[in-house]
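Peer 1: Take a look at the letters that make up each chain.
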Amino acid sequence: MLSREEILHIATLARIGVSEEDVEKYQHDLSEILDYFKKLDELDVAEVEPIGHITGMQNRFRSDAYEDFGSIGKEQILKNAPEVKEGYIKVKSVL
Amino acid sequence: MIRELHNKLINREITATQLARDYFDAIEKKDSEIGAYLTLTKKLAMEQAEFVDEKIAKGQEIGLLEGIPCAIKDNICIDGVRTTAASEILDNYIAPYDATVIRKLKEQGVVFLGKTNMDQFAMGSSTESSAYKKTKNPVDIERVPGGSSGGSAAAVAGEMAVWSLGTDTGGSIRQPASFCGTVGLKPTYGRVSRSGAIAMASSLDQIGPIANTVEDAAIVLSAIAGEDPLDATSAKSSDKKYEDYLTGDVAGKVIGVPKEYVESLEGEIKNVFEKSLEKFKALGATIETISLPHSEYALAIYYILMTSEVSSNLAKFDGIKFGMRFEDDVDSKTQENGLPKKLLETYLDTRKIGFGDEVKRRIMLGTYALSAGYYDAYYLKAQKVRALIRQDFEKAFEKVDFIFSPTTPEVAFKFGEKTQDPLKMYLSDIYTITANLAGVPAISFPIGAVETDGKNLSVGGQLMGKWFDEEGILNMAHTFEIN
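Protein chains in written order, with my numbering: chain A, 18 to 112; chain B, 424 to 906.
It should be emphasised that the hints constitute simulated quantities derived from the structure, not laboratory data. Take every hint as true, because none was put in to throw you off.
Derived lysine to any residue pairs resembling SDA-like cross-links, with alpha carbons at most 20 Å apart:
#: 1; chain 1: B; residue 1: K847; chain 2: A; residue 2: D46
#: 2; chain 1: A; residue 1: K56; chain 2: B; residue 2: L793
#: 3; chain 1: A; residue 1: K96; chain 2: B; residue 2: M747
#: 4; chain 1: A; residue 1: K56; chain 2: B; residue 2: Y720
#: 5; chain 1: B; residue 1: K756; chain 2: A; residue 2: S110
#: 6; chain 1: A; residue 1: K55; chain 2: B; residue 2: R784
#: 7; chain 1: B; residue 1: K682; chain 2: B; residue 2: K693
#: 8; chain 1: A; residue 1: K96; chain 2: B; residue 2: D502
#: 9; chain 1: A; residue 1: K56; chain 2: B; residue 2: L850
#: 10; chain 1: A; residue 1: K42; chain 2: B; residue 2: E781
#: 11; chain 1: A; residue 1: K55; chain 2: A; residue 2: L19
#: 12; chain 1: A; residue 1: K109; chain 2: B; residue 2: D741
#: 13; chain 1: B; residue 1: K659; chain 2: A; residue 2: G73
Simulated coverage check for chain A against chain B, where a stretch passes if three residues somewhere in it have a Cβ under 8 Å from a Cβ of chain B:
#: 14; stretch: 32-44
#: 15; stretch: 98-107
Positions of the beta carbon are idealized from the N, C-alpha and C atoms, including for glycine.
Between the sequences and the hints, there should be enough to build the whole structure, so can you do that?
Peer 2: Structure (C-alpha cells):
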C-alpha cells in the first residue's frame, strides 16, 4: 500500500489539492490498481523495442517559420483566461 | 439514412431548414428525459441550413453531408461555441477556433445541432462522470448509454441527430454505439486529425463517427479523414470515398475469432455472437479461431499508458491560461522548491475543485507512473508490451483478414452499477482497448439483441481490420447489416 507521504508527494507533483479523506481514498484506489499492474512482471521484455508511433511514422519536419496573425483571435483567446490585464494573461505574483 | 435525406433535399421534398427544425423539435421533446446534449447551437445550425437551401434553390449541386444535421461530442472545438469536455474546469470555455474535423465538415455544409454529453474529459465507460448530468440509454432509460461518447450515441439512437462524432481512446465510440444499438467506427491511429479535440491520451485517441447505418459511418469518415499539418501524427491522405467500397460481397474473406476474447463469453451474448458467425459463414466468409496471446496484459498497459498521457495532457488546466480558477483560502501546507506559494495554491485549489474524481484518480496514477524512478518500470515497460500486442496482430493478420468478437462482454448496465469500483468499470473496455493499443481500425455494429427486463438490449459485434483498411471492416459490417 502506498504511504500517506507518497500520496502527498504525488498530489503535489500533480498539482492537485487533497483533503485527509482524499489521501486515504487514493492510498486504497491507487494501490489496488498498482497491484493489478504487477501482472506485467510475468513478461520478460528486455529485448523488446518499445513502441514510438504505433503505425511506425517517423519524425516529421516543418519549416521553422512563423506566421503573424496580428490581433486575429486575440480577443477570443483572452476571453477564456481567468484574469487579464492590458491585453495580457495575468499570472499570480511570483515574488 | 444520410443518402435518403440527401435525396429528399435535392428532390425538394424537404428543406434543410425544415430538417434542422424537425431535429430541434425532437430534441425539445425528448432530451429532457434522455439528456444527450449539453449545448445546442441553434443559431449556427439555422445559418448553415439556410445556406444549403439557397444553394439548392439556385440549382447548385450539394454534397452528401450537406444540410444533414449532426451532433458533436463536447470535447471537439467549434469556433465560438462552449466546449466543456463535460468538466467544471472548462465550464465557461468558448473555443476560439475550429477543430480540423469541424473545419472540414463546415466546408461540406454540415449542420451542427449541438454538443453532446460525455464522461468528463472522456474518462469513463458510462457517461456518469459528466460534471453536468446523466445521459440515459434511449433503448432502456434505466440503463447507461455507455461512454465516454454516451451523449453522441444517445443522440443518434434517440433520433435527435442523424449522426454524430465521438472520440475513442479505449472504446469510447464503440462501446456506447454497442450499448445504444448504433454503429460506431474508430479509424486507424492517424487516419483522422485530432487537432482541436481536447486530448486525453495522445498515443491512443482517435475521432470517429457514430451513425444509424454502416454506410452513414463510411460517408462521415470520407469527410473527416486525411493528413493535417496541425496533427503531426496524422497519416498521409488516402482520399478514399469509403462509401464506394460497400460492395455487399464478403465471399472468401477470412474472419479470425480470438480464443482469448470468447472463451469466457456466457449466456445470451454468446448465443447472439455464435449466430452472427453463422451469418458471416452463410455470406461466404470463413471463420478461424486465432490467438492474441498477449491480450491478458492489454488492460494493465492501457491503464499505464493512458493515465501517464492523461497526467501530461491535463497539466495545462491550471487556472491561469484558460478555464475556471478556484480558490479556497485554506493553506494546503504544501511547499514546492522554486514555486511561489500563491501560484502553487491556485494550481492546487483549481485542480482539486475543477476536476472530477475519476479525472483526478487518473492524473494521480499517471503522475505516479511517470515520477522519478518509476518510468522504466511502468511507461517504458508498457510501451514494450504494447509492441508485443502489435506483433500479435501482425501475426494474426498474416492468416486472417479481420478479427471479430462482441464489442463488450455484456449489454448496457444500470446506473451506479460500477461507479464504486474503478477496476470493474475499466473491465467493460476489455475487448475494445486492444484496437487502440495496436492502432488498428475497428467498427461496432448491431449483431442482435438480448431481452432483459422486457427490453431488447442491443449486442454489438466488433470487427478489427488491418492498419488503414477501414474500407474492409466497413464492407464486412455493411454486408452483415443489409442481409
